[in-house]
Amino acid sequence: MTAKAKPDPLIHPITRLSICGLLAAGADWVEFAALRDAAGISDSVMSKQSVVLEDAGYVEVRKGAVGRRPRTWFRLTAEGRQALDGHLAWLAQLEEAVSASTQDALSLPLVPISIRGASKT
Amino acid sequence: MRDTARDPARVDPLEQLRVQRSRLADRMRPPWWYLPGVAIVWALFFAGPFTSRSFSSPTSVSTWAIVVPVLAACFLLQWGMTRATGIKAGPRLRDGLFYYRPGRPAGIAIAVVSIAGLGTEGSLIRHGLLAAAIVVAAFAVAAEVTAQQALLRAIRQDLRRGGGAA
Numbered sequence: 001m002t003a004k005a006k007p008d009p010l011i012h013p014i015t016r017l018s019i020c021g022l023l024a025a026g027a028d029w030v031e032f033a034a035l036r037d038a039a040g041i042s043d044s045v046m047s048k049q050s051v052v053l054e055d056a057g058y059v060e061v062r063k064g065a066v067g068r069r070p071r072t073w074f075r076l077t078a079e080g081r082q083a084l085d086g087h088l089a090w091l092a093q094l095e096e097a098v099s100a101s102t103q104d105a106l107s108l109p110l111v112p113i114s115i116r117g118a119s120k121t
Numbered sequence: 001m002r003d004t005a006r007d008p009a010r011v012d013p014l015e016q017l018r019v020q021r022s023r024l025a026d027r028m029r030p031p032w033w034y035l036p037g038v039a040i041v042w043a044l045f046f047a048g049p050f051t052s053r054s055f056s057s058p059t060s061v062s063t064w065a066i067v068v069p070v071l072a073a074c075f076l077l078q079w080g081m082t083r084a085t086g087i088k089a090g091p092r093l094r095d096g097l098f099y100y101r102p103g104r105p106a107g108i109a110i111a112v113v114s115i116a117g118l119g120t121e122g123s124l125i126r127h128g129l130l131a132a133a134i135v136v137a138a139f140a141v142a143a144e145v146t147a148q149q150a151l152l153r154a155i156r157q158d159l160r161r162g163g164g165a166a
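Chains as they are written, first to last, in this note's numbering: chain A, 1 to 121; chain B, 1 to 166.
If you're looking for bench data, these hints aren't it; they were derived computationally from the structure.
One or more of the hints may lead you astray.
[Claimed, not checked] Here are the simulated lysine to any residue pairs, SDA-like style, with alpha carbons at most 25 angstroms apart:
| no. | chain 1 | residue 1 | chain 2 | residue 2 |
| --- | --- | --- | --- | --- |
| 1 | B | K88 | A | K6 |
| 2 | A | K63 | B | G80 |
| 3 | A | K63 | B | R83 |
| 4 | A | K4 | B | P13 |
| 5 | B | K88 | A | D37 |
| 6 | A | K63 | B | K88 |
| 7 | B | K88 | B | Y99 |
| 8 | A | K6 | B | E15 |
| 9 | A | K6 | B | D12 |
| 10 | B | K88 | A | R68 |
| 11 | A | K6 | B | V19 |
| 12 | B | K88 | A | E79 |
| 13 | B | K88 | A | R81 |
| 14 | B | K88 | A | S42 |
| 15 | A | K63 | B | I108 |
| 16 | B | K88 | A | G67 |
| 17 | B | K88 | A | L94 |
| 18 | B | K88 | B | L76 |
| 19 | A | K48 | B | G80 |
| 20 | B | K88 | A | A56 |
| 21 | B | K88 | A | T77 |
| 22 | B | K88 | A | V45 |
| 23 | A | K48 | B | V135 |
| 24 | A | K48 | A | R62 |
| 25 | A | K48 | B | L14 |
The model shown is predicted, which means the values in this text are computed figures rather than measured ones.
Start from the sequences, fold in the hints, and give me the full structure.
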């Protein structure tokens, strides 16, 4: 990963990270329902979080309609992509650090624990 | 709908993102009419040499009579696919050309088959071997549909891997 690892407080909440991560997956534009279903979130959460991302300039929104049904499409902006790349790099570093510390803890010698009174039985 | 994004059982955000991308990629399945539509478009395309031979009008007129419906059908198919899946992915127009790295092998295959198919068909028609030209056209259509399927597979893999992300 070439992006500079940097946590982004705006992307950190899991729902916003999901939205940005899905938009960065390789698609040009993703429709509201597709994004909502893939992220596994509700309509209201999706609307609320997408407005936050749009206000921050991380997501571009295009509204249209097919017949009477409104359709909203989303795309990640260059700014959003940069922030996401940095945040993902930071998360990956964090994951590595956590797994390294877990390995260290597992490699510690096991100390036998004596239970008082256990020898009587 | 359950908020799986907030599921406390899934604490690893990177792993969760992988699962969600996989779900998005699974949506990128073509509707039932897409591949038959692609086959019809390519059949029209490979019918070009036959029509230019039988039409008494100048070749340019018969060529346009094929090219315009083919382009219109391509546009309609792509529009329908985007509407049905809710995902706009694949080759993108940049500097007047279409770019899409994951789909490059399929794109090259489509170009090679169309050029080779048209060339072979034209040559066979000139030598009066109409039946052989029809067989070549049928094989070319089948090859183009297979290449189109490979392109869709490449798009799905790219979405699953998160190829557009870092």
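Task: Those earlier numbered hints the structure runs against, lowest number first - done: 1, 15, 17, 19, 23
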